[in-house]
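**Student:** Fit the two chains together into the complex; they arrive one by one in their own frames, and the hints show the way.
If you read the protein sequences in the order shown, they are chains H and W.
Quick note, the first sequence lines up with residues 1 to 393 if you use the numbering used here.
Quick note, the second sequence lines up with residues 394 to 681 if you use the numbering used here.
These aren't lab readings, by the way, just hints derived from the structure by calculation.
No experiment lies behind these values; they were computed from the predicted model shown.
We treat Cβ as the ideally placed atom computed from N, Cα and C, and that holds for glycine.
Check each hint, because a few of them may be wrong.
[Stated by the list, open to error] Computed footprint of chain W on chain H, listed as stretches where at least three residues anywhere in the stretch have a Cβ under 8 Å from a Cβ of chain W:
1. 32-46
2. 157-171
[Said to hold, decoys possible] Calculated cross-link-like contacts (lysine-lysine; reagent style PhoX-like; alpha-carbon spacing at most 25 Å):
3. H/K225 - W/K557
4. H/K336 - H/K293
5. H/K336 - H/K377
6. H/K88 - H/K29
7. H/K350 - H/K336
8. H/K224 - W/K525
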Amino acid sequence: MRKTLRLSGILLSCFMIALLLPPPVGSAKDLVIGINTPLGGGAAPTGLGLLRAVELGAEDVNATGGIKVGSDVYTIKLITYDNKYDAKEAVAAVNKLIYSDKVKYIATTGGTCVIAVNPLITENKILHIGYTYGGKKATNPTVPYTFRSIMEPIHGHTILLPWIVQKYNVKTIALTSTDDETGLIQAEDAEIVAKKLGLTITDKALAPRGTADFTPMLTKLIAKKPQAIDFGSWAGSEGPLICKQAKELGYSGVMIFSYSQSIPTFEKVAAGFMDGVLFYGIFATDPTPLATKVAKRYEEKYKQKFDPIVWRNCDVVYVLKRAIETAGSIDSTAVKNAMPKVHIDGVFGKTSIGGKSYYGLDCQFLAPIPLTTYDGKQKKLVELHRGSMPADY
Amino acid sequence: MDSFPFYMQIFTNGVVLSCYYVLVAVGLNLIMGIMHIVNFAQGTVYMLSAMLLYILCVELGLNYFLSGAIAIVGTAGLGILMERFLFRRLLGQFLPSLVMSLGLLLAIEGATWLEFGIISKAVPSPFRGMVKFWGAMVSYERLVVIIGGLLLIGGLFIFIRHTKAGKAIRAVEQDREAAILQGIEITRICRLVFIVSFSLSAAAAFLVSPMLVIDPTIGHTPLLKGLVIIVLGGMGSVTGTLVGGFLIGFIESITGSFFDPTIASIFSFVILMATLLIRPTGLLPYRM
Numbered sequence: 001m002r003k004t005l006r007l008s009g010i011l012l013s014c015f016m017i018a019l020l021l022p023p024p025v026g027s028a029k030d031l032v033i034g035i036n037t038p039l040g041g042g043a044a045p046t047g048l049g050l051l052r053a054v055e056l057g058a059e060d061v062n063a064t065g066g067i068k069v070g071s072d073v074y075t076i077k078l079i080t081y082d083n084k085y086d087a088k089e090a091v092a093a094v095n096k097l098i099y100s101d102k103v104k105y106i107a108t109t110g111g112t113c114v115i116a117v118n119p120l121i122t123e124n125k126i127l128h129i130g131y132t133y134g135g136k137k138a139t140n141p142t143v144p145y146t147f148r149s150i151m152e153p154i155h156g157h158t159i160l161l162p163w164i165v166q167k168y169n170v171k172t173i174a175l176t177s178t179d180d181e182t183g184l185i186q187a188e189d190a191e192i193v194a195k196k197l198g199l200t201i202t203d204k205a206l207a208p209r210g211t212a213d214f215t216p217m218l219t220k221l222i223a224k225k226p227q228a229i230d231f232g233s234w235a236g237s238e239g240p241l242i243c244k245q246a247k248e249l250g251y252s253g254v255m256i257f258s259y260s261q262s263i264p265t266f267e268k269v270a271a272g273f274m275d276g277v278l279f280y281g282i283f284a285t286d287p288t289p290l291a292t293k294v295a296k297r298y299e300e301k302y303k304q305k306f307d308p309i310v311w312r313n314c315d316v317v318y319v320l321k322r323a324i325e326t327a328g329s330i331d332s333t334a335v336k337n338a339m340p341k342v343h344i345d346g347v348f349g350k351t352s353i354g355g356k357s358y359y360g361l362d363c364q365f366l367a368p369i370p371l372t373t374y375d376g377k378q379k380k381l382v383e384l385h386r387g388s389m390p391a392d393y
Numbered sequence: 394m395d396s397f398p399f400y401m402q403i404f405t406n407g408v409v410l411s412c413y414y415v416l417v418a419v420g421l422n423l424i425m426g427i428m429h430i431v432n433f434a435q436g437t438v439y440m441l442s443a444m445l446l447y448i449l450c451v452e453l454g455l456n457y458f459l460s461g462a463i464a465i466v467g468t469a470g471l472g473i474l475m476e477r478f479l480f481r482r483l484l485g486q487f488l489p490s491l492v493m494s495l496g497l498l499l500a501i502e503g504a505t506w507l508e509f510g511i512i513s514k515a516v517p518s519p520f521r522g523m524v525k526f527w528g529a530m531v532s533y534e535r536l537v538v539i540i541g542g543l544l545l546i547g548g549l550f551i552f553i554r555h556t557k558a559g560k561a562i563r564a565v566e567q568d569r570e571a572a573i574l575q576g577i578e579i580t581r582i583c584r585l586v587f588i589v590s591f592s593l594s595a596a597a598a599f600l601v602s603p604m605l606v607i608d609p610t611i612g613h614t615p616l617l618k619g620l621v622i623i624v625l626g627g628m629g630s631v632t633g634t635l636v637g638g639f640l641i642g643f644i645e646s647i648t649g650s651f652f653d654p655t656i657a658s659i660f661s662f663v664i665l666m667a668t669l670l671i672r673p674t675g676l677l678p679y680r681m
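Isolated chain W, as found in the complex (with noise of 0.2 Å):
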């Protein structure tokens, strides 16, 4: 093997795996830190803004950036209803909202292969052609993934450090007492954190679905590893689940290149473990 292109090729892989989890993973965490539920359907809204892009972009023949906006606000848009309808009735309830989820999960998966049926669809990527970066082969469509994922994940960022509704979120997550006494309305920011959560996701649908195939269980991969990275990073924490996602994503990466994918994944749920014997809040705990 030439040593620095494979090794480039590794830190490439590395940085597409973790944008693509982090997008998911800190969607779920947002979620989990205001409301204190555990969102179990936040993969299939992934799944269900991917098909969504798909019905837009090759069904009815729209341009793909036209369809990921509406896919997009469509999944906000979704989000608000789910807040309002569904979930604010049991904020801060563990139990009742992650049956809640599992229970969205299920239903709107299966509504999705009697709608869509069982063969899988492709989204045809805009973005032809691969370049070549320090000897690592990079296709249009992965650098795409990397450039929007950092810029989202720093748009994020700069959004909740440095923004008026981005401190109102820290600081329902650090004392919701205290934030009230503050003025800060506690439902609005539910929504609002839906609203990011919901539009984070679909954001990583319509980066990632041109590499992938779109079928009704997508979304059960991103959900699975938002899971580890929650944990790993540290429930509520931001910083925390960036660090967790570029971790995993990375350490996918390594393993799978030198051992295999199966290998890769148990190595994940590994460090997961002897990071939490360590230190069982997490990496970055409270965090935001």
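Chain H on its own, in the form it takes in the complex (with noise of 0.2 Å):
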């Protein structure tokens, strides 16, 4: 009996000594992200854009020695969940994410779900990247912890339209959208820049996402004869639906999808329409070596044509990698103060976060924008124009 004891007793501070041990020097941890995008329904491509660019960007940093922190080397995995673009969705897979999952990096698709989410993002001090427009709404001074990965549709705006309505003697502009709260910021974004030209709005429009028919609305807009039409945030299968449509009822003016579009799905919808059509934010050719990389890795991973609105986001893991070796800490507090910080030779070019002049703070990912057209005889996207918003914006 006294053995027994005796030996238990050595066993039990055993135990209790190798629990306070501390790990080993350099043990592989987990640095846990969070998606939470639509993967389904008219957004998809959109949604699925994301998840892939931050899978890919992923493998890149787990395959060339993770994110180092101190003796620690932290590897990326991924935990997704479908928004189905909706803010009530949104919400409840973050909730998911970081009551249950436990984690403190996530990114959101999606105007609606970014706003929606954001104030348990705050809360909960989460580092938060939106693939979003959403415009003040979406990122601002009381919600420090969330960044957008890709420019406001005002800033695309700001740097192309000018050079569109000098190319094509614009004087005239209709505006159509979804009535969800990234489609009223977009039209709002467009309305603001073409005023600021000069440019006579002869019609606005607003339809729910979801529409398949989109022949009543362009009647309307199209009888008032404008230049130009800016497709707001129409995406996903809904933008060459639109953009077929519209030709099909006999339009022949400028066509501008300033939202992010999917050239393969618009090669699939609107095959025989696209010739002529404007997209802001999609590059025709491979912008640099990394962006080549990432478009050969997708073919070879995913084997399908390589869909151009994957770059968009293949900066979120380089940026963050980059601000948590800055900040020497995975702490998002820590993260979130390094971001602005961050200055990276990114998918699109030299990338940094700015925007304060804007947002109130600098929460923006800064690249350069191109302006592409489709050329209908050689079936692919020819670059018309590129700019960039200042240093010091």
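**Tutor:** Below is the structure:
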């Protein structure tokens, strides 16, 4: 009996000592990023764009040594939830990520979704990347943990619309967009820049996502003979559908797709109707060697033609990596404070975090933005123009 | 705006929308009139037919018309199976059949998501080009929807009014017991109704697919519109469905062209509610 007690005591002491010992030097740990993105419906190409960009970035970072913080090495892992581009679903997903999965880094697609989850994000100090427009509602000093991976339509219009107006001698423009938060902001931004350029806005029309037949709405817009139409936040499969239906109604003016479009989806749905259509933010050729590498890996991994929409979020992982390394910590507040100091050679070229003069804090990924058109004869995109926001923006 | 071309465009848009909605709504109404069940899976049938068309035409490379014929026949076959194994025993039972059809909708849609993925698909149109029709631009695709839709609706009308089978369907709809006494076999009529109903939805998918995109959710709009139309037109009434369908199609085209699509949708429901207040049985009830 005494012998048994003595043995148990020794074993218990060993166990307690083992618990107190520090982990081995250089042990691999996981850095989990939650992905909150639409995986179905019309917004699926946009949602998949974020997911695949982060997957490829994570694989690349993990393959090249992971994220080093002091003596620790972090491997990126992903947990994904489908938010169906719906605010309620996005909130449910973020609740799961924070409270069940204990995640401190989240990326979300969709303006309405980002705006809806921001209170949770801020309360729980989650480092949050929004693949979103959403304007100052999505990012502002009251939500300091949220950063945006793509530039606002107002930035795209500020950089590119003057060039379009001059090149095509545009005096009148019609605006259409989705009737959700993202769409409303998109339409407002287009209106602000159009009015600054002295354009007359002939008409505005909003419709719900999921609209299949746009002809009544387009009939109204086209009847007033605008020289250009900006198609706002229509994307996914709706972007090419509205393009096709506008051309079928005989519209031959300038067609501007200022929201992120999936070119493979466009080619499937609007084949034969894309000639001369203008796209913001889609490069015609690989903008950098890193972009080429991403495109190649995409086609190897997913066995599909590369979708340039994926490039838009490829810098998310590299920016996070640099911010963590700069902060010297994975603490989300330390990383949040380090984000504005990040400068990387990203997928589109020199990328930094700025936007204080517009949003009130530096939260915007800033990179060059191109204007491309689809050449129907060559069946490919051709770059017309490229520009950037100023460095002190 | 040049007035006449603008109004002509609204008119042609309205005809296209009406034909699209009527083809699905009539199928829904036939089943409701004969079997007294609401088939919420009707929109899903439309979607399945469109998916089948895509597989045959795009993935297997078959001719568009051959693909359409196979899709229609295949969907009709699905109707026979569904009637025999799922709905026959629920004949006349409103709530159980409603739950069954809702379950089918969710199950089929979920399975389609898993199998075909999340990216929308498109069927290339064999009808390329546009024509100007009194100032209105109409693509050949839409012209085909108009002509095909009107022919199908006309054919259905002749079938219901002037064929023995059509008269049998009308007899069952008017008085089931009297029809049985006349020697009409109810089981056969129910099977026929499912074949016709599903074939009409498949025909709608065949006509409309080149115009729109294909994904697992495309059945929702025709189902929702179909339910509005059959309530507006009168449940069990094919004539009422035709009238209701064209009314809704034109209301959407007109309000969408003068206001916006959201107001167009709201207006459809306002018209429905106003009609039901005045005529609770619908515009033309019991008029096969």
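**Student:** Against this structure, judge whether each hint is valid.
**Tutor:** Do the hints match the structure? See the list:
1. 32-46: Holds, because 6 residues of the region 32-46 of chain H bring their Cβ atoms closer than 8 Å to Cβ atoms of chain W.
2. 157-171: It is violated, with 0 qualifying residues against the three required.
3. H/K225 - W/K557: violated, 54 Å
4. H/K336 - H/K293: It is violated: about 28 Å lies between the C-alpha atoms, which goes past 25 Å.
5. H/K336 - H/K377: violated, 47 Å
6. H/K88 - H/K29: violated, 32 Å
7. H/K350 - H/K336: Holds, at roughly 20 Å.
8. H/K224 - W/K525: holds, 18 Å
This entry does not satisfy hints 2, 3, 4, 5 and 6, going by the numbered hints stated previously.
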